[in-house]
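Trainee: With my numbering as the guide, the letters of the sequence shown map in order to residues 55 to 455.
No lab work stands behind these hints, which were simulated from the structure alone.
Ideal Cβ placement from N, Cα and C applies to all residues, glycine included.
Hints should not be assumed to be uniformly reliable.
[Said to hold, decoys possible] Each pair of labels, with its calculated beta carbon distance range: (1) 365 <-> 123: 36 to 44 Å; (2) 251 <-> 218: 50 to 58 Å; (3) 220 <-> 348: 51 to 59 Å; (4) 165 <-> 438: 25 to 33 Å; (5) 219 <-> 165: 40 to 48 Å; (6) 300 <-> 268: 28 to 36 Å; (7) 438 <-> 248: 38 to 46 Å; (8) 67 <-> 361: 40 to 48 Å.
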Amino acid sequence: MAATGAGVRSRPRAALPALCATQITSWGIVYYAFPVLNSRITADTGWSPAFTTAAFSGALLVSALAGIPIGRILDRRGPRTVMTTGSILAVLALLTIAAAPNLPVFTAGWLLAGVAMAATFYHPAFAALTRWWGEDRVRALTIVTLAGGLASTVFAPLTAALAEHFTWRTTYLILAGILALVTIPTHALALRAPWPPAPPPPPPQGIAPGPAVERSRPFLLLAAALTLSGFAMYAVVIGLVPLLTERGATTTEAAWVLGLGGAGQTLGRTLYATLARRTSTTARTAALITAGGATTAALALVPGPLPLLALIAVLAGTVRGNLTLLQATAVTDRWGTTHYGRLSGLLSAPASIAAALAPFAGAALAGTVGYPALFLALATLSLAAAAISLGATPHAARSRA
């Protein structure tokens, strides 16, 4: 039991609270600070918003590609070295971004940040909790994503407040200091427990975990659905602040709404375990992706007032929080835990690439048609993803349902 992560002796006591703290900090600083600061960056430097957003998209693209080999390393060696190294790289990336004298150096900083994202964001944390917590993994995953959902709630307003008193460069330097103090020692000290061997694969039922899984029709359809949904979801997150400022909100007010969406993510994740018990994997996937499309359409169609838009943002965050846990459990719900790191990396790679392209593509399209029309297009994309997801049920999962 302990060797497979199902026994309490295999669980480092400090790992779960440590990962909660580092997910809040890493996501809040490396990811959510950018949409708050981007308008100040472009105003101060004269760089095009399309180019600065493209640099950020490049980070997400690198993260998607780096996630595949990092997943294999996680399966073999565990999270401590990966996540500690990732934290160091993240701090170096932010220092590079803050000091960048020109757009190429700014872009290089973000590309380095992409490697750090792959090594510190949810994917390695999920791999650690899935192995260490075994059959109790849903509870552990829910707890860490509850904390991670507060990243924008904490750091979007904090970033906006810092930017009111300092330049964007100084703001990033302060945030880099916070990141270093919180994440580097925490990953190094709290993830020292022995890495238990992977449990054996379950008896074959339809498709067994292994090389055939990633070439199977259910896996490919699920990857397609999550890719389309991920593109829409991340384009909405990055586009929310400019949508709201276009409708008359100040940057600070828009940052608070983005932060409230993060609180919605936390609320949504408290509901996921109940939802998982009462629904099949396929029905849950289709319903959540559809709900994401509905909230995106609401943001497009409702012009105001700001409190109503904030409420919709909270609902959108609630759905987004559930979708995070849906992706975290997508592999284990269908194919078990044996090859979790590798299969999860392969499954999330196209979705992460789509998420990487979403900020740039969304900003470019919004510049032509406006943000309300962009959000309507994203809602349609989500509905298409929900339809595709209905075919992503392996034979084993069908028999269990």
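Trainee: Quick check: does the Cβ-Cβ distance between residue 365 and residue 123 fall within 36 to 44 Å?
Mentor: 42 Å, holds
Trainee: Lying within 40 to 48 Å: is that true of the beta-carbon distance residue 67 to residue 361?
Mentor: 42 Å, holds
Trainee: Given the hint of 28 to 36 Å, check if residue 300 and residue 268 actually sit that far apart at their C-beta atoms.
Mentor: 41 Å, violated
Trainee: Do the Cβ positions of residue 219 and residue 165 conform to the proposed distance bound of 40 to 48 Å?
Mentor: With a Cβ separation near 29 Å, residue 219 and residue 165 fall outside 40 to 48 Å, so the hint is violated.
Trainee: Mind checking the hinted window 50 to 58 Å against the Cβ distance between residue 251 and residue 218?
Mentor: Since residue 251 and residue 218 have Cβ atoms about 51 Å apart, the given range 50 to 58 Å holds.
Trainee: Could you check the hint for me, namely that residue 438 and residue 248 are 38 to 46 Å apart, CB to CB?
Mentor: 45 Å, holds
Trainee: For residue 165 and residue 438, compare the CB-CB distance with the range 25 to 33 Å and indicate the outcome.
Mentor: Holds: the Cβ-Cβ distance is about 31 Å, inside 25 to 33 Å.
Trainee: 51 to 59 Å was suggested as the range; check whether the CB atoms of residue 220 and residue 348 agree with it.
Mentor: 39 Å, violated
Of the numbered hints stated above, those contradicted by the structure are hints 3, 5, 6, listed in ascending order.
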